[in-house]
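Letter by letter, the sequence shown follows residues 1 to 158 of UniProt numbering.
FYI, nobody ran anything at the bench for these hints, they're computed from the structure.
Hints may contain errors.
[Unchecked claim] Below, simulated PhoX-like cross-link-like pairs (lysine-lysine); rule was C-alpha separation at most 25 Å, straight line:
1. K122 x K104
2. K141 x K73
3. K39 x K73
Predicted model only: the values in this text are computed from it and were never measured.
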Amino acid sequence: MAGFGVFDRSMILIVVAASMLVTVSVANRNWYNRRYGNKIIVGGSDHWRYGFNYSVWAFQNNPFYVNDVLVFKYNPPSKTQFHHSVYLLPNMWSYLACDLSRAKLIANTTQGDGEGFEFVLKKRWQPYYFVCGERGGLHCKDGGMKFFVKPMLHRGHY
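From just these sequences and the hints, can you work out the full model?
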């Protein structure tokens, strides 16, 4: 995105987020009630790694629903691998700036090994902002390791 300023990037992200919410709302209207969520591997076969665009991945894999389980898989720390973690940010502004000052660590650098770390989307209509917090937020800022979801309710699930 050479030539785009911070404001331009922020506006593009907001427009994409708004269109994603509309798409998810329309897609949700005819779904049947499900009590159990789907298990979704974050990043698909690419897993949770530096250099992958998770915002695009989330957009392409929506809608997400209440009780869906996000599975974060990543290699354990080593001398040849980047270390990864998963943080939950409190709001869109922290997400846009990759500001970890009020972030909550939900998976440390070793929890993504093996079957991965599982996170259940429990709350209704609350956006979840996920980022990698390693190297002071560098993986979030420059490595594309951030995305957000806003889980939808299944039809008949009140």
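Check your understanding: So which hints don't hold here, by number, going up?
Key -> Nothing - there is no hint that the structure violates, so all of them hold.
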